[in-house]
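For the protein sequence lines, the chains are Y and G, in the order given.
To get the numbering used here, take the position in the first sequence, counting from 1, and add 331.
To get the numbering used here, take the position in the second sequence, counting from 1, and add 23.
Just so you know, the hints here were simulated from the structure itself, not pulled from any lab data.
The beta-carbon is built from N, C-alpha and C at its ideal position, and this holds for glycine as well.
Heads up, some of the hints might be wrong.
Computed beta-carbon distance windows for the label pairs [unchecked claim]:
hint : chain 1 : residue 1 : chain 2 : residue 2 : range
1    : G       : N26       : Y       : T358      : 41 to 51 Å
2    : G       : E71       : Y       : D362      : 42 to 52 Å
3    : Y       : T358      : G       : E30       : 28 to 38 Å
4    : G       : I57       : Y       : M368      : 13 to 23 Å
5    : Y       : D362      : G       : R35       : 43 to 53 Å
6    : Y       : S342      : G       : K47       : 15 to 25 Å
7    : G       : E30       : Y       : S387      : 24 to 34 Å
8    : G       : D39       : Y       : L371      : 55 to 65 Å
9    : G       : T58       : Y       : V355      : 18 to 28 Å
10   : Y       : W409      : G       : V50       : 38 to 48 Å
11   : Y       : L345      : G       : V51       : 25 to 35 Å
Single-letter residue listing:
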Amino acid sequence: MSATLDDQYYSSLLELQQLDFALVELTLYLDTHPTDMQALQQFNQLAQQRQQSAQSFELRYGPLLQFGHSYSKFPWQWAQSPWPWQV
Amino acid sequence: MSNQLREYVPFRGPHDPCPPIGVKTYVVPPNQFITFQPMNLPQFPLPEALRAGTLWPALFSPYESKWRKEASR
Numbered sequence: 332m333s334a335t336l337d338d339q340y341y342s343s344l345l346e347l348q349q350l351d352f353a354l355v356e357l358t359l360y361l362d363t364h365p366t367d368m369q370a371l372q373q374f375n376q377l378a379q380q381r382q383q384s385a386q387s388f389e390l391r392y393g394p395l396l397q398f399g400h401s402y403s404k405f406p407w408q409w410a411q412s413p414w415p416w417q418v
Numbered sequence: 024m025s026n027q028l029r030e031y032v033p034f035r036g037p038h039d040p041c042p043p044i045g046v047k048t049y050v051v052p053p054n055q056f057i058t059f060q061p062m063n064l065p066q067f068p069l070p071e072a073l074r075a076g077t078l079w080p081a082l083f084s085p086y087e088s089k090w091r092k093e094a095s096r
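For reference, chain G alone in the conformation it holds in the complex:
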């Protein structure tokens, strides 16, 4: 799976008393690149599908917290 996380650097004014976070990130989920879902895509086993939030690995978009790295379940 290609990396779904993108970054951009917001403008920082030299006199801004409360400057924005240096590098902001956003997620582009894979459904943005699938215009029409092909038939017979491989599937997750059902228990995993419930955890992943989708039945198809091709549409899986993980969420990882940047602040708390522990236990990504």
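Here chain Y stands alone, though its shape is the one from the complex:
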């Protein structure tokens, strides 16, 4: 069985990618600017937003991470397609 990949799948995946990229940038920035309160607030806000996006994505399309970092519905979803390279 495979999940159907609708437009929503790709748009939420893109949103996750955008959030992740901004978080990487802010992480590197905060490494050298640990006292920038505004950037820190932005980082925490984006981190929260990412958590929510990832949660709603996983509810709909299955786990993003393995080894207990994501939940799975019944039956076990991890081994189901699409695989990352099939997307």
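We have chain Y; now place chain G onto it with these hints.
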């Protein structure tokens, strides 16, 4: 944004059977001129940041192919 593309003319020997390209170009990205990034720089909106490869327009360095001019996205 100032032009990031620089040029130089490599030496061309008169008997070189395979002479180098006449004018060579290289890119000097803006981070070379920012010793310590100032706080509160303006930011790209997130979708644009992913495309640009940086969150801050001040650090943006475009890449444009000289060989294929079409569709620079």
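A quick look at each hint next to the structure:
1. About 31 Å separates the C-beta atoms of N26/G and T358/Y, a value inconsistent with the hinted range of 41 to 51 Å.
2. Hint check: E71/G to D362/Y, Cβ distance near 23 Å, so the stated range 42 to 52 Å is violated.
3. For the hinted restraint 28 to 38 Å between T358/Y and E30/G, the CB-CB distance of approximately 36 Å keeps it satisfied.
4. Range check, I57/G to M368/Y: about 21 Å between beta-carbon atoms, so the 13 to 23 Å window is met.
5. Checking the proposed 43 to 53 Å range against D362/Y and R35/G shows it holds: the Cβ atoms sit about 46 Å from each other.
6. Checking the proposed 15 to 25 Å range against S342/Y and K47/G shows it is violated: the Cβ atoms sit about 42 Å from each other.
7. The hinted range of 24 to 34 Å is not satisfied by E30/G and S387/Y, whose Cβ atoms lie roughly 50 Å apart.
8. Separation of D39/G from L371/Y is about 57 Å and conforms to the stated range, judged on CB atoms against 55 to 65 Å.
9. Separated by about 22 Å at the C-beta atoms, T58/G and V355/Y satisfy the suggested range of 18 to 28 Å.
10. Checked against the hint of 38 to 48 Å, the pair W409/Y and V50/G passes, with Cβ atoms roughly 43 Å apart.
11. At about 32 Å, the beta-carbon gap between L345/Y and V51/G stays in the expected band of 25 to 35 Å.
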